[in-house]
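Protein chains in written order, with our numbering: chain A, 48 to 353; chain B, 48 to 353.
Take these hints with a grain of salt, some might be off.
If several chains are the same, the list does not tell them apart, and a pair holds so long as it fits within one copy or across any two.
[What the hints assert, rightly or not] The calculated lysine-lysine pairs, modelled on DSBU-like cross-linking and capped at a C-alpha distance of 30 Å, are:
hint	residue 1	residue 2
1	Lys86	Lys315
2	Lys317	Lys85
3	Lys317	Lys245
4	Lys222	Lys315
By construction, these hints were calculated from the structure, which means they are not laboratory data.
For reference, the chains in residue letters:
Protein chains: 2
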Amino acid sequence: MCKICKTKPIIQLTNTNISLCKSCFLKYFEKKTFKTIKKYDLIEKNDKILVAISGGKDSLTVLNILNKLRERLLFKIEALLIDEGIKNYRGITIIDAKNFCKKNNIKLTIVSFKKEFKYPLDSLIKKINLKPCTVCGVLRRYLLNKYSKKLKATKLVTGHNLDDEAQSILMNQFKHNIEISARLGPITGVISDKKFIKRIKPLYLLNEKETATYAYLNNFNSKYVECPYTIDSYRNEVRDMLNNFENKYPGTKHAIVNSFLDILPLLKDKYKTNKKIISCKKCKEPSSKEYCQACEILRMVGIHKS
Amino acid sequence: MCKICKTKPIIQLTNTNISLCKSCFLKYFEKKTFKTIKKYDLIEKNDKILVAISGGKDSLTVLNILNKLRERLLFKIEALLIDEGIKNYRGITIIDAKNFCKKNNIKLTIVSFKKEFKYPLDSLIKKINLKPCTVCGVLRRYLLNKYSKKLKATKLVTGHNLDDEAQSILMNQFKHNIEISARLGPITGVISDKKFIKRIKPLYLLNEKETATYAYLNNFNSKYVECPYTIDSYRNEVRDMLNNFENKYPGTKHAIVNSFLDILPLLKDKYKTNKKIISCKKCKEPSSKEYCQACEILRMVGIHKS
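Go ahead and model the full structure; you've got the sequences and the hints to work with.
Given below as structure tokens:
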């Protein structure tokens, strides 16, 4: 029975043993997102919030909740979608994204690899000896940062949830890459020189199961699709292991993230970069080297001349 | 083939893919223990080292290596065994411990729960509603600390290895007990007021498989016995999970411990206790409360009058 209204439950919250009906769960989920925003000061009055969406469950969930909160918290909101050019995948989620934004009257900007870099990801990766996820990640981050500034956004929102964060923490720890974890947390990229946009994660304390349920109950997605390049087997193994522990010992994922949050200020201090951020010689975007990673990839595939 | 002398190998080191024969492995193991001692400054000239032994593989391994190093590093060594009084278990390892110390001419002090507290552990736990491991742990630590001072030791050695440490780190993290991890590390208990003895772990960077192999090759144990109360299922599950990851991704345990060592100074600083350590009103041993945990347990079982 629903803990609040005593009707038929649709979900049991893993961390608390509480069951909730559809209506109470949706309220709980939105309230917890709101509390996360307040707890970590993710959004300020007059922010211009740009939500990075793929059209998948996490990004449409966070966009939906922020759209509901914009009048209450007095901020502006727009959406940005990067169309990498992945056949049988991105085309489907773009339709969901467009439908959602049209229905909710949210301005959506779509930026494509094809238009920006002349080729879609599917073609780019055939020209280069790098993992698809590496090429995609570098170029996507490049475009997100570039268009965040072009659209005069003050914060960039991503749909990362508790599971994503707990997995990343352990993956870095199991590979002794702890300095990379210093860049995690509910709000990142706080660099004073304004070359990088601040990134925020309002779903930071909501887990995968809850997020998937919220998206499902809201019918955000017409069908379930997965990126054909997603073969990060290491993340999958860490995910499975964490799900096993969470099932047996509810609260494990929260404990990992809370332990991490306890030491995050120490990590940020210890690993704060002393590298000077300069402008890429080619594209003028921020870079730690003469040419940024994106221009380096574009040079490797023969789009930029060296 | 043995990487060093090209003879028949007996072990493959998990973290490096190197195979070694018996003789080269024993040298490698002892050298690595020596390096660990040097790296973390575990032993100084003129130290009086007391090795806490159970008679099991880890403690006899560390005792054996330290005994070989005592002339080179100029320290004194003795052994201390706490006989908790656990039927069909401790009696067996005590024989191995006595034989080892006699053969190697090491002074061994045996302290028993029965003589100290009037009852063996097997009887104590029937009088009290606490887990056997809790009762045993508190009373054993109490006696180790008390007799370390009585025997005028400057350092107390334990046989903890890399696997023990990696498990403890994750267990604390998965339960959000990160402040407990601040008490881990290769050398602990560095409290200025000399009420607590410093504890050191020379096998800190040697894993379980290596330690078990070293003990086996040296024939330290007449037979394999396990404590009948060992049902710490949580540690067992973390152990199994870690072994799975280590098998698939060699180096995982080292990565976890090295990640931990990177942040340990920050943890020690953040969680340094501000509690004043006083003397227990009953036994005069160090305590953070009026009565120490050991006296509290003895009061609960009716040995001390309240």
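Output the indices of the hints that this structure fails to meet, ascending.
none
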